[in-house]
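Residue numbers (this note's numbering), protein chains in the order written: chain L, 1 to 180; chain V, 181 to 344; chain A, 345 to 880; chain B, 881 to 1123.
Rather than coming from a laboratory, the hints here were simulated on the basis of the structure. All figures in this text were calculated on a predicted structure; none of them were measured in a lab. Treat the hints with caution; some may be incorrect.
Restricting the straight-line Cα-Cα distance to at most 30 Å, the calculated cross-link-like pairs of lysine-lysine (DSSO-like) are [as the list claims (entries may be wrong)]:
no., chain 1, residue 1, chain 2, residue 2
1, V, Lys-330, A, Lys-483
2, V, Lys-330, A, Lys-828
3, A, Lys-534, V, Lys-187
4, A, Lys-468, A, Lys-483
5, A, Lys-828, L, Lys-103
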Amino acid sequence: MSASPKIRVATTWLDGCSGCHMSFLDMDERLIELIQQVDIVYSPLVDAKTLPDHLDVGILEGSISSEEDLEKALEFRRHCRILVSLGDCAVNGNVPAMRNHFKLADVINRAYRDNVTLQPQIPSRGVPALLSVVKPVHGVVGVDVFVPGCPPSADAIWYVLSELIAGRRPDPSSVTRFGA
Amino acid sequence: MSLQQAKPPLPSNDKRWKLVNATMRRNGYAGHALIETLHSVQDAFGFLDEGSLRFVATSLDLPLSKVFGVATFYHLFMLKPRGRHACVVCTGTACYIKGAGALVERLQERYDIDPGDTTEDDRLSLLTARCVGACGLAPAVVVDGDVLGKLDSETLIAELEELA
Amino acid sequence: MNLDDLAELAEQFRAADPVVEREVRVCVAASCQSSGASPVFDALVASLGDGKPACKVKGVGCMGLCSAGPLVSVADKDGDLEGSVLYRDVAPEDAEDIVASLDGPPLERLRCATDHPFFARQQKIVLEHAGIIDPNSFKGYVAVGGYAALIQALSEMTPTDVLREVTASGLRGRGGGGYPTGLKWSTVAKMPGAQKYVICNADEGDPGAFMDRAILESDPHRVLEGMAIAAYAIGASKAYVYIRAEYPLAVERLQTAIRKAKRAGFLGNKIGDTQFSLEVEIRLGAGAFVCGEETALMASIEGLRGQPRPRPPYPAESGLWGHPTLINNVETFANIAPIIREGGEWFASIGTENSKGTKVFALAGTIANTGLIEVPMGTSLRDIIESIGGGIPGGKSFKAVQTGGPSGGCIPEQHLDIAVDYDSLKTLGTMMGSGGMIVMDESSCMVDVARYFMEFCMTESCGKCIPCRTGTQQMHAILDKLAKAQATSADLALLEELCEVVQSTSLCGLGQTAPNPVLSTLRYFRDEYEMKLGGG
Amino acid sequence: MPPPANQPNIRVVTLNIDGQDLSAREDETIIEVCRENQIPIPSLCYLEGLSVWGACRLCLVELAGQNRLLAACSTRVAEGMRIQTNTERLQRYRRTIVELLFAERNHVCSVCVSNGHCELQWLAQRCGVDHVRVPYRQASYQVDSSHEMFRLDHDRCVLCTRCVRVCDEIEGAHTWDVMGRGSDCRVITDMAQPWGDSETCTSCGKCVQVCPTGALVKQGTSVGEMVKDQHFLPILARRRHTI
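The shape of chain L in the complex, shown without the other chains:
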């Protein structure tokens, strides 16, 4: 047991499938060990509604596809000492970025008009506006640790977090890769 203060961690998902968070949960019993050393102060997995200040580690899943993603990424960067891109969407755009070959208007029409039979309409309220080009997280803010994988395995996430907890800079390429 460490006597030092717990590391404050926040996570969120941007444009992704939440699979990386599922993989995070796949750490299973190791989660209990983890919780001894870190405080997850903000995450889809916990209740907090606002991102606290002065965080040690921020973990982002998913790519930057909408204005809301962009804002969240900027906010995480402001609040976190170490920012982690978790999973291929965050690291290189992955599947969400496959829409970059099409014009945004075509993409929206395809989703909300062409394939809709009942009252096709493009939503204008309650959903964030899409950006014309999907980018990886480091396309908009500086990122310190990249953990590729779709999703990165629970082992890979465990390794990265353990290293960060120990105050070391992890080298994820030893445990994961694009598409892993």
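Following the hints, put chains V, A and B in place on chain L, whose structure we already have.
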């Protein structure tokens, strides 16, 4: 056993094929005459279409993909016919310094075509060249083979408008 | 045939037109043709009529001051350019006046002073006949001593003697790299094998360079003579001239020259009644800058995509179809005849310690006198630009001169006093290249210039190796962002890193030198880049 | 054409690679000696049994006394060479080259049939490419599924030309070649028509097996299912050359 391929018949009675054939014969139908032969096809017909590329490939006994690869590597070879008139803007350094970029932009805007394209009515092809060597006349433009030097875009467009 | 026989032949050709005393020489090289030299030529012929049998209108090669074309000079039959009366911007309507002036004082309204530094500061070796002889006339070339060097080599020298003279001359390749010519020739000569090739690289692709074109259009036989001497020295019997299809006039004159030289027995079988034979064939390029690289050029002659291959093996060992091959550029071959004629030592007495002889430069851009010049190696840039070039027109100030084309760099004001040679330019982060010099005034944006050259390299990349194919594209994208003031300092850092990677890892010279325009403008004009940083 | 070269006497040379003293035949290339001695050098276009192409630049090594880097695949060994294969500088360059490749086309490993069996993916991991610093080009490419057995996805192509070489040198069909120039380069069959319409393709599938990525694959494979088998190549190459 000889596996030599028979020479294919000329694609048509068009006399120009004889010129093409003469180039190949002069080079002993050797594969290395490919570029020379493509030049002679383009000189004769103005561009390289699929039929002529196939004819050359069979005559020189070269793989189709190799011939196509060569034809598309060299920018002088055209796979589409040109318009009735061709305007080649020199984009060499001297011309660039003296405003060739603006000339191209203005022509793109006026005729709604990109370099390498032809207007829909087949009247004009807009092309760019890597230095036509008339640096003393920068910016230089070659319209249907004639070099026009020290041009501004409005004079150039006026010249082009006069073409039939 | 020996030198005496040739001298007799030359005398015969000179005496063929005994009544002609003065010549009206019209430049019919490409640049003057573009400004309308042909109608001027026709008008002069018509105006002269049969009235003055002692005068003759003659088409000649480049006189140098291209921006003042069409140029016409009136000279005594054996006179040179400096001793002639030179007229500039001549129009067909001026023909009558020029012809009328032949008996009296020169026509002052068209006169262009030949004692101007533009002419006076030059020293012509390569261009010694340019603007004087008719490029389409075989007899004209022989009459001024042409093919004497070849006959001298064949009749009085062994191949080893030739190699010794060329080595002693200190001549270095004029195509850009500056590799010692004598060493290259000796290497190919020593290679075993019965079949060897000589290639003349006339694929002058640097934008803003037109030296080789002017040489071929003005004095094609001289290049052939140099090639024949090279073939004799290394033991080749087949030669190719690889020339840009964009130079139709040069191609035509070269074809004529080959035909006439062959008919006269100076090319083809048993040249000059010796056992030496040489077939010269022209191969046309088709619009690919990369084919100036020697292995790509050879691929193109072989009818393939013009993609370079790794060296070694060098062409000297394994070149065209795997045989030892000598590749030199047009200007290099054009230097050979005078070296044989006057001796290697004579040539070595001109120029600087490590760069001998003269160099032909194409001056262009925002400079008063645009055109072709030939100066001794070691002439200062300031001399070339301010004195010969006449400085920057329009009251603007000088900013930089770009040398070496897309592989070179920009030299700022503070280095203008440098003596131009291969090594000095290298220390400034640029290179001699083939000899294009583009002058830029204060209105040129250096980031924009770097972007222009990167765009060039990107589109001219053959696509074979990854760093050049995709690295030039990424660098261009960053330069474009910079030019639009959208780039960050992180982008600039990435640009510099990509420069290093592309320079160090690309397969051929095109990629290895593609970052040079960026690196050199960063070196001298970094503030312009930094001023463009925006994008947060 | 060149007369057949006389087979000269092959000598054995000694050289030093990464601190190891090694001996090699003087007609071997650096990469061959490294592979023999289990010295790992990354490469993409090089494949034993095919002619040397020298284009991927991943196998560049440092030679003592020379500033210019040498491609291990196209450089023959020489007596006394001192070679470094894995310096910090080389690692940095390799990393950047792999990044440039990822950014050039659309390599989406997670949905690729070659996921887990892809040489580019391995290279990225070995070279420590955990993200790509340059922006992706986002150019659109077609997938050609016209062949009844195989599929071509330009999105995954790295232009290594292994397919072109195996088709020409081993199968002898020369169905494949490269068209265009620069980043417009694309592998083609015959006259750039759909693969299924090719008149020259023998459907032997060698191109698919030698392709390092998911650019050439078998029809009907799903994510991660395409496993390549290249054991035939050195055998066929040997037999071709001993005929």
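Going down the list of hints, with the structure as the test:
For the suggested pair Lys-330 of chain V and Lys-483 of chain A, the alpha carbons sit about 37 Å apart, so the restraint of at most 30 Å is broken. Among the hinted pairs, Lys-330 of chain V with Lys-828 of chain A is consistent with the structure: their alpha-carbon atoms are about 28 Å apart, no more than 30 Å. For the given pair, Lys-534 of chain A sits about 42 Å from Lys-187 of chain V by alpha-carbon distance, which is inconsistent with the 30 Å threshold. Note on Lys-468 of chain A and Lys-483 of chain A: the hinted pairing holds, with a Cα-Cα distance of about 21 Å set against a maximum of 30 Å.
Between Lys-828 of chain A and Lys-103 of chain L the CA atoms are separated by roughly 23 Å; this keeps the pair inside 30 Å, and the hint holds.
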